[in-house]
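Chemist: Protein chains in written order, with my numbering: chain P, 27 to 545; chain G, 3 to 364; chain R, 28 to 360.
Please keep in mind that the hints were generated in silico from the structure rather than gathered at the bench. Please read these numbers as outputs of a predicted model, since none were measured by experiment. Some hints could be false.
Unchecked claim - Computed spacing ranges between beta-carbons, pair by pair:
#1 P/P285 - G/R89: 44 to 52 Å
#2 P/A208 - R/E231: 27 to 35 Å
#3 R/P239 - P/E37: 25 to 33 Å
#4 G/L349 - P/D428: 23 to 31 Å
#5 R/G130 - G/G281: 21 to 29 Å
#6 R/P239 - P/A208: 34 to 42 Å
#7 R/A194 - G/R294: 50 to 58 Å
#8 G/P121 - R/R347: 42 to 50 Å
#9 G/A245 - R/R242: 50 to 58 Å
#10 R/P239 - G/R294: 30 to 38 Å
#11 G/L194 - P/R410: 34 to 42 Å
#12 R/D273 - G/A245: 32 to 40 Å
#13 G/P208 - R/D273: 30 to 38 Å
To be verified - For the chain G half of the interface with chain R, some residues (derived, Cβ under 8 Å), not all of them:
#14 A147
#15 I150
#16 M155
#17 V327
#18 I336
#19 R343
#20 L347
#21 G350
Said to hold, decoys possible - Covered, in the sense of this in silico footprint (three residues per stretch, anywhere, with C-beta under 8 Å from a C-beta of chain R), are these stretches of chain P:
#22 141-150
#23 297-311
Don't be surprised by glycine CBs; every beta carbon is placed ideally from N, CA and C.
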Amino acid sequence: MTVAPLAIALEGVEKRYPNGTLANSGVSFAVAAGEIHALVGENGAGKSTVMKMLYGLERPTAGALRIHGRPVDFRHPGDAIAAGVGLVAQHLNLVPSLTVAENVVLGHEPRRAGGRLDRAAAAARVRALAEQSGLAVDPAATVASLPVGVRQRVEILKVLHRGARILLLDEPTAVLTPPETATLFATLRQLAEAGRTILVITHKLDEVKALAGGVTVLCQGRVTGSARMAELDEGALSHLMVGRDLPPPPPRRTARTRPVPRVVARGLGYVDDDGAIRLRDVGFDVAPGEILGIAGVEGNGQDVLARLLSGAAIPSAGDARLDGRVFTGLSPRAVHALGVAVVTEDRLHDGAAPTLSILDNLLATRYARPPLSRRGLIDRGTARRWAQAVIDGFGVRAAGPDQPMGALSGGNMQKLILAREIADAPAFLVASQPTRGVDIAAASALQSRLAALRDQGAAILLISADLDELLALSDRIAVLYRGRIVARFAAGAVDAQTLGLHMTGLGPSLDGDDHDAVA
Amino acid sequence: MTPSREGARIALAVGAALALGFAVMACVSDQPWAAFRALLTGPLPSIERAADGRVVVHRLVRFGAWLQDATTLTLVGLAIAIPFRARQFSLGADGQLFMGALAAAAISLGLGDTPTALPLAFLAAAAAGAGWGLVAGLLKTRFEANEIVTTLMLNVVAVQVYRLVVGRVLNDPSAGFITTPPLPEAATLAPLIARTTVTAMVLVAPAAVAAALFLLRRTTLGYEIDLAGANPWFAVRAGVPVARATALAFALGGAFAGLAGFHVSNALLKRLPVDLTPGIGLEGIVVALLARGRVGALPLAALGYAYLRVGAQAMERATDVPREVVLVIQALIILFVVSDRLAPLALGLARRASARIGGRAA
Amino acid sequence: MSLDLVAAGTVATVVVAGTLRAATPIIFASLGGLISELAGCINVALEGVMLVAAFAGVITSAYSALWFPDAPLWLHPWLGCAAGLLAGTALAGLLAVFHLELGADLIVAGIGLNILAQGLTVLLMAHLTGDKGSTASLTSFALPNLRWPGMDGVPVLGVLLNGDGDAGHNVLVYGALAATGWVAWALRHTVFGLRLRAAGENAEAALAAGLPVKRLRYAGLLLSGLLASGGGVFLGMGYLTLFQADMAAGRGYLALAAVFLGGHRPLGTVAAALVFGGATVMAARLGLLAVPAEVVFMIPPLVTIAALVLVKQHQRLAARRRAAAGRATLLSS
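When you get a sec, could you build the whole thing from the sequences and use the hints?
Modeler: Structure, rendered in structure tokens:
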């Protein structure tokens, strides 16, 4: 048996940030040349940091990297590029106002005399590369006008144009539609057959199975398993990926669903400023004491739906009612006053103010009325006591109400956000990705809180990318695909595989306009 | 960073700026030491025991000038610091001050020698400054117009409006230069200390700071301004009226700059010349910077900075060094204070140098 | 009739020629502001750069004549010009170091450098001439005018090409036109322009593409210093032939406004600079018509503000139209 030469080798790599956070520790694994290797693990497991070190965006604080057998010390992406390493980042790194060709050749531009950019040569090169790799693009198109799937192709072309022998891809399918994913996988296989080495980050089991020749699992910054796909059956693979006992299932529901819906949405549609239809004809009911789950691949309208229901955007069509009163199209504060609470998708962006104290963060939805303020004056004493009570009651690990929010872990931050939103015992809670990127214990605590709120009679819309979470918590599940609801299921009547099919547009489509098809 | 470390850092920056300023003075002056001494002791009154045993206080004028300058600087510092709480870079204190001064003078002249003239002039100045600030605020929140550009442009407009009104409407033809008539006595503030221009405004400045602190810390509007500055996206989602809070932050800052205008017109000059020099608004940036955006620290920063400015005037009168040297020192203070990586770099270099010296000695 | 037309044309061309002259310093500075802005660095120090350049140019040309009395006369202004460009660029370099190396906030550091320039120029002027107001006591030199031959008495065109009074335009007026062309061309057609824009628009993408983003920002700031220095040198050695305290008189800030007003495009920026220059000429003309100069001086800032508002309104209307079209599709389906 011949051993393929190693394209990538990490030996005991450690990354500690100046603030003391340990992102990786003792990470060792290897990828053979021509192999597609999957790097899997939960959010925050340190996968992206590994990628950044391989691409010179971060420097390891200990250990060694080898590329094609040679030890390397990348100080700058330029070093990595010179060594034949290319990165397709998770957040696509393109310059929107430039054309596809300009983006692809950026950094390695064909020139004419006088430092001029040779646009014709650039376009020709891009066209040739696109043909070779099966990545169809228009070199003259402006990147800003392209859909995300095409932008990703541009990103891959960029890497290929620099002659990369090793491609790093960070969650490439997160933003893709199923046909786009299929095209991407075909391209990656083709590239690997042509001798290129591919390291891809994912957390989807089926993608690992479909694509990879080898897999390495990271958990909390360390390698917890590494294997060749040929040696694994599916059970072993999922055990490897989970790597530990599953968290205890959240408590089952205790209250029976009452027949009268509390929230009724009909015909919700949304058109953005560019005239693109982001949501169309979305309707659903949620009864008190019920959790309706919304499944979908990121970018299929979940964010828009959450914004419409929280007053952050005005629907272009349709409305939603709470106990018969229309609450869409009102301001966020008015929506909140009617009893609608919202956990936003990205807590650092629009769910919290990391530089302000825990206290100031908790006040955000309650500061404008008694008991926390009267006639425009905030009662700091009452607010403080309440904040301390929240910290204690939710088991938040924090020094006190004055600690900056940003100093907390993701789980503790998310607990405080949920606490803030449910403090006024809302009639309806819209929870977007409530446990994304938090540790297992915190996720389980958060799910228990959601279940408790449901048991108190609140209606809950749970938007989550975590199918296990949806299946465990929801009474019913609706699937969003390209801005429409394409399938509805009762809990227990569906499994992750079926949901996955519908999420990728491959399931049989819904007939007619049956909002109330499932009780 | 902790306040004490921050304080040490600023002290270091000011010290370094003074040292470099001295180097510049040594280059352009024949008497650098005398000039430096005048700069650093200029604002202090000298107390002497005369031959007949009486205590005589000299140079009270400059001491008064110091307090009076600190008053103006505190108020324009507020005009910068409050919008900055909402993360807005307002450079509009100048225009707001001119509008405030103009409004105060116009009301004073219009009402004449009546008891209401003074309070109404005071309020008019605050309102005019606030209104001028609100324009920039609304341009930002309604039209996303870059506030640096709009406040600078509004400064130009305000100065021209001021010159137009002083030169053509409120002009006193009997004066030898273009100016308003002297303001009626009832509308002006009398000095608290004889032979100085120190008036009750010296107490208004700290009161204004206290009011601003109360507003920012204890009121819902203050909270809204802070939240809008810390994370506007979050604030919007939480239902906070971000646009209103941001616009009002400009207006609030403007009100204080307007009061600085009142200070200039009704306490200091008691009439408004057409060629009132713009630029004091930019000094507010230095003060806000020295206070590191902490509203409570503004009076201290203003006192420190006014001390330098008055010292520079004393130096100019006593020696061959023009007062513009203080501009150089001011610029260096700004640059050193704002350079976050400078202190660590300097300390690192010093450590390396001392290590090398130590190594050689060993 | 035709005589009237010629007269009207002459007045118009006098205004055009005057506008060009008044706009030249703003054009230079705004091109500088544009380049650094596109590189991702707002250059608030344009004002200080112009001051320092004007000062260094005037002083060097005067001292050049004192130090090299035997040198040909044409040498002194050019030495001054070189010194002015160098000094202004150095000030911009200082801004770059403070921002890129020492982590200073660009805007605050820019304001600091403007104050430094204001203080240093007056200080040195007082030291060298004993006068804090201007360098009138020194004999300094102007850069030469370029005159098109054979235009004497040619109506309209003669005034346009050789200015009012047939003295020709200062070489730096042509310099500003050339700089406009070069900047527009370089940003659009050179590899450097492409990289500069990429670094400014998405630094992370540029970094990932292996571009030296920091070096590009240095280049952007230094170039902006060089260009703005051209404007400063013109002020001291063309527009006037001496240095005055606070000579830039807010032109650096106007130039910054021109960049925003011009929508971050070279030709738009220069058009805005011309509007500002035109307002100065208008001030003089309207002064004759008894319109207060103060009112005229309000025109450039008010135009800037109005333009910022109108641009936004225009974008909003366009978005509303697109959304309405999308909504029609949504409702019809």
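Chemist: Taking 44 to 52 Å as the hint, is the beta-carbon distance of P/P285 and G/R89 inside that range?
Modeler: 50 Å, holds
Chemist: Taking 50 to 58 Å as the hint, is the beta-carbon distance of G/A245 and R/R242 inside that range?
Modeler: 39 Å, violated
Chemist: Could one say that the CB atoms of R/P239 and P/A208 fall in the range 34 to 42 Å?
Modeler: 38 Å, holds
Chemist: Could you check the hint for me, namely that P/A208 and R/E231 are 27 to 35 Å apart, CB to CB?
Modeler: 29 Å, holds
Chemist: If I claimed the Cβ atoms of R/P239 and P/E37 lie 25 to 33 Å apart, would that claim hold in this structure?
Modeler: Since the Cβ atoms of R/P239 and P/E37 sit about 30 Å apart, the hinted range of 25 to 33 Å holds.
Chemist: Any CB of chain R closer than 8 Å to the CB of G/M155?
Modeler: 4 Å, holds
Chemist: Verify the CB-CB distance for R/G130 and G/G281 against the hinted window 21 to 29 Å.
Modeler: Holds: the Cβ-Cβ distance is about 27 Å, inside 21 to 29 Å.
Chemist: Was the hint right that G/V327 lines chain R, CB cutoff 8 Å?
Modeler: Given a least distance of 6 Å, the restraint on G/V327 holds.
Chemist: G/P121 and R/R347, beta-carbon distance inside 42 to 50 Å?
Modeler: 48 Å, holds
Chemist: Was the hint right that G/I336 lines chain R, CB cutoff 8 Å?
Modeler: Status holds, d = 3 Å.
Chemist: If you check the beta carbons of R/D273 and G/A245, does the distance land in 32 to 40 Å?
Modeler: Hint holds: Cβ distance 37 Å, inside 32 to 40 Å.
Chemist: Tell me whether the statement that chain R covers the region 141-150 of chain P is true, taking a Cβ distance below 8 Å and needing three residues at minimum.
Modeler: Result for this restraint: holds, n = 3.
In terms of the numbered hints stated before, the structure departs from hints 9 and 21, listed from lowest to highest.
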